[in-house]
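Given the coordinates of chain A, work out where chain B should sit on it, guided by the hints.
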Amino acid sequence: MAQDLIEDYLQQQQELSAVEEFALRHDFRQIPAQERTYEELIPKTTPGLGQQYAFTVDLDRCTGCKACVTGCHNANGLTEDETWRTVGLLYGGKNGDATMQHVTSACHHCLDPACLNGCPVEAYEKDADTGIVKHLDDQCIGCQYCTFTCAYDVPKYNKKKGIVHKCDMCISRLKVGEAPACVAACPTGAIRITLVETAAVRNDPAAFVNIPDAPDSHYTLPTTRYLTNRIFPADTVAVDSYTIQPEHAHWPLVAMLVLTQLSVGAFLGGMFLGGASVWVALAAGLLAMGVSVLHLGRPLYAFRAVLGLKHSWLSREIVAFGLFALLAAGCAVFPHNRILFVAAAAMGLAGVFCSVMVYKVTQRPFWDHPQTGLKFFLTSIILGAATILLTLVVFADGGGWRNKLCWLVLSGSVGKLAMEGSFLRHLWDSEWTSLRKTAFLMSRPLRKTTNARFILGILGGVLLPSVWVTWSASWTTGTALTIAVLIFALSLTGEFLERFLFFRAVVPLKMPGGKVY
Amino acid sequence: MLHQVNGPLSRELELETSSLGLGKLPKRLMPQATQKLVCGFCSTGCSLTVHLRDNEAVNLTATRDYPVNLGEACPKGWESLTPLKAPDRATTPYLKDRSGKLVPVDWDAALSVFVEKFKAIQKKYGPESVAFLSTGQFCTEEMALLGALAKFGMGMVHGDANTRQCMATAAVAYKQSFGFDAPPFTYKDFEESDVIVFVGANPCIAHPIMWQRVLMNRNDPKIIVIDPRKTETALAATRHYAITPKSDLALLYGLAHILIRNGWINEIFIERHTQGFTQFAEHVRDFTPELVSAATGLSMEELQELVSIIHRGERVSFWWTMGINQSHEGVRAAQAIINLALMTGNIGRPGTGANSITGQCNAMGSRLFSNTTNLLGGHDFLNPEHRRKIADLLKIDPGRIPDKNSLAYDQILEQIPVNKIKGLWVIATNPAHSWINQHDFREMISRLDFLVVQDMYHTTEMAQLADLVLPAAGWGEKEGTVINSERRVGLFRKVAAAPGQALADFYIFKLIAKYWGCEAMFREWSSPEAVFQIMKKISEGTPADISGIRDYRMIEECGGIQWPWTEGQDPGAPPKAGPLKERRLFEDGRFYHPDGRARFLFDDVRPIPEPTDSFYPFTLLTGRGTSAQWHTQTRTGKSGVLRKLYPKDAYVEINPEDARRLQVEPNEWVFVSSLRGMVRARAVLTSTVKPGQIFMAMHYPETNRLTFAAFDPYSRQPSYKICAANITRLRNG
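Chains as they are written, first to last, in my numbering: chain A, 13 to 529; chain B, 45 to 777.
Don't take every hint at face value.
[What the hints assert, rightly or not] Computed footprint of chain A on chain B, listed as stretches where at least three residues anywhere in the stretch have a Cβ under 8 Å from a Cβ of chain A: (1) 232-244; (2) 247-254; (3) 275-288.
[Stated by the list, open to error] Facing chain B, from chain A, some residues (calculated, C-beta under 10 Å): (4) Tyr21; (5) Leu22; (6) Arg242; (7) Lys322; (8) Leu429; (9) Ala485; (10) Thr489.
These aren't lab readings, by the way, just hints derived from the structure by calculation. Ideal placement from N, C-alpha and C gives every residue a C-beta, glycine not left out.
Bound-form chain A, shown alone (with noise of 0.2 Å):
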């Protein structure tokens, strides 16, 4: 009797025909109700010549809601916990001009998009009619280097569909007339869309994103523009500019990076020894290559990087070290072939100068420094002669060349590891830059790995070759292959530890962002 009642109110629970009662089913208004309010909030003509769309936020009507993050969210149908904008904080002040600012922030469609100059797959479009930055899904092979040179962190990886996401300005709600999803969700109408003068974003880039510790606006000429008649004061600051984490380590890169230079190193050396080390090189480079390609989302269409030669680094970069390892082959086939072999170091070389830009134009700090290049040429140094030598003992050859490799490895592993501990002096920085930060997360949160990486290097790039150099006329066979291998794998594990802090260390560009602790 009473488990009746149960069932029947679990039965009821479960039903939900009584959602038809007053369901809304018929109203064929095409337009939401709302229109009104919109055309305060659009344009009500679309970009003439020399214009396209912008955002325009109020400042002093963003009260810090964040209904247009959930708003865009939903109405976007963005899965999990994916979302386009974000809304940062600013604290800033003594205590009588004390001060804080919400910043809403989505793409900011700029005039020289990074996202789209990065892209090796050509899988952004700037629309020539309404100025929107598209990123076109399909295109997207997930290699997420727009994510790295990205000023604003716009582009979201979807680790599930392997592509990144962007905000595209809700292009297809403007077209009829509709506004975006965020600016219809501002319970304040903060945020508009206005028709921004191309001239006048390139004539003062500054006066664009014009937020504290917002990225200069020069790299990329972004469009949006902040308005309020607030006075920041000079000590303004994100709230999360003191909550830095590590980035990802993006161990395919790193692998990729450590060993293309390793590769080109050893083929230069091999070029002037001969022997066994051109293969090497060719395995090595072959490996990377292989190993770069687990970084892709979609990596059945990795073939789509070289479309983007023109303007992304990452393509040529992947067209050069391609061609290294196909000249290379040839190299390894035809050893006597010397054209083969100039074009081919030639190929190399530009791989890793390629490389080094891939990283600079992003313009983290960390990253365009000088110290890059030094340190994927003397990876090249290093590995390439701890391979040779290796390859030497290996195979019983080259014995004059030993020691001279020996001393390569040694002055290059000095200067680099100087060069590398130099860094850390940003930790006494006066301001809270950008490097300091990274030496921060270097000597803090990352301290283990940088400590094994300096143990690493001393052992295997400083201490083993100087015993060699010293002792190693008197050796055994098998001595020297220990020594040898012990060189060359300290070494390298050296540089993997020295590319993954160049990862996990670096700090990012963005918009101020919120309180997350």
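Then chain B, alone, in the frame of chain A:
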């Protein structure tokens, strides 16, 4: 292959124009129909249009043609559907086994244990020894059924709700001043004022959709914020007066003093519609600008300026929230605000009023129908006529209705260690996080013989303490009505199936009636809508008369209906037009006391309960953190999107001057301590809190391990807002 502009990935995010007047929507989630429901978080009472596919909710948008929110919502509203799908939903009853672990049992076992344990306790310690603590978060019909079941059916005397923590002060203040608990305003008043005064309120964060209405005001209003902290609202205001914490009552009396001294009062209104002004004027004579300046930290010029702004306003509205309500003298502070409105004649006209903004989505329903502090419908347990009226309407023996008042929340808890209360039934609330001074709370709760917790989740701090957990359906999984801050009755609708064996609270109460053996008493209470008809009858003739609301469909068609609404009200309106969308009270100047006059009520200012000292030199302020967080986070913590919008760890805001002195660095973990305990929090350096003050958000369980349990003597509302605390570094040096 080389260039793919369109394809399956692009199609996943493709938008298409809906045929339902909603504009472009994700094609993947295109609704076949929609259903409007009032949001289940705060008291603003926004309407959400839920998108349905195959009768199941798949998405939502903010309702455009609802008079409350006009197409907008805050992040909590936008993310309302996500917490329903959380993996830790209670999908079956749980009973604590011998080892103290909660193990699943079926409903029959759960209900049998419920009845057996509670009856045994009542047999041993008397019927009063079992009590309930309920909520402002579910439907009025459920509150009425619970209150009637517990008190009339199961013989309990004591029951209260978490509404005690948020608006008991406002309810008592209104009841004493106006003769009935009646917030007089409508949201349109935000748009029609020329001076808007917020006291202890931060609508930018706590009620963003009300702030939307403020910004719709076309009169270029002067916005005044009185708050110790420089909040978002303070920064957006014309003037911010950062008073010393809890000097509000002295300030409000001081303002009255200057208004009277300058003759800036509405003598005609005072004469015709109020009582007690002379005594009040006498009382505030002592609150000279000098004294008030010293108490509040405001300069004499600031006080004069504030009074001048109020005086020059044609339509001044006063709004308060928890800064006033959660205080050791909140009732008198709220009444001091009411007094300002009365003496300047700022009530009953558009853009005026002494207006309490409520907290929870159905705090107002609880105030009328929870059968806790008041007998159903705002009646009085002590009044034999009221008891007879309710007994007649419900066709029950008047002897079943207690002839004494319930103890308040804190008093119920205090009865536990002295063996007066041994069984507790906690419904849709999480006091093991939210109640003031957790150390004492947990100590008291541990002395119960049997604790039942009824909730959507078996993982809440309170459910983890329970002997029996009853799995409840949530917002969106059941129907009923709720009442928002401006007295608007709105609808909850069922748009999703509850998980597993979870049942609407309404069904759980009906089952308990059955197992208890009192189901006959509730035969007419067959469905939420049937209960609504009973509530209508109970309300007839009271100030909160809703007898003119025909049924749920009428509420739906009218976009919610504000009480009172009786048949034939609004004679000016065209026949059958239904209620006007926005209505305010007291337009005729008649209040609910028998003489029709409002009362001036006042008291001496009392010292703050726990002043700072050399061991605890900081004043700890508490409040809401972000718009993306709700109370103890049992729901908002379940949304990945919302989690991105607020800090994960407890944090403490501290002035950079104090931080420098203590050598506390930004983002560093620090200890915050009070006499009650010590917690870890991240230091946030900001000058928006004054030196000597620190701020923590209520959403983190750490906060109430520090708060000091003081209570307003009239409303018994806890004084969460201040206590003495200290900050120390985790590592010294």
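Hints, one by one, checked against the model:
Residues of the stretch 232-244 of chain B lying with their CB closer than 8 Å to a CB of chain A number 0, which falls below the three-residue condition for coverage. Restraint check on the stretch 247-254 of chain B versus chain A: 4 residues with Cβ-Cβ distances below 8 Å, three needed, restraint holds. Under the rule that three or more residues need a Cβ within less than 8 Å of chain A, the assignment of the stretch 275-288 of chain B holds, with 4 such residues. Satisfaction of the interface hint for Tyr21(A) is found here, the shortest Cβ-Cβ separation to chain B being roughly 4 Å, below the 10 Å cut-off.
Here the hint on Leu22(A) is kept, as its CB sits about 6 Å from the closest CB of chain B, short of 10 Å. The interface hint given for Arg242(A) holds, since its Cβ lies 8 Å from the closest Cβ of chain B, which is under the 10 Å cut-off. Residue-level restraint check for Lys322(A) is violated (minimum Cβ-Cβ distance to chain B is 15 Å; threshold 10 Å). A hinted interface residue such as Leu429(A) counts as satisfied when its beta carbon comes closer than 10 Å to some beta carbon of chain B; here the least separation is about 30 Å, so the hint is violated.
The beta carbon of Ala485(A) is not positioned within 10 Å of any beta carbon in chain B (closest approach about 53 Å), and the interface hint is therefore violated. For Thr489(A), the suggested interface contact is broken, since its CB lies about 53 Å from the closest CB of chain B, more than 10 Å.
Going down the numbered hints, you'll see the structure goes against 1, 7, 8, 9 and 10, while the others check out.
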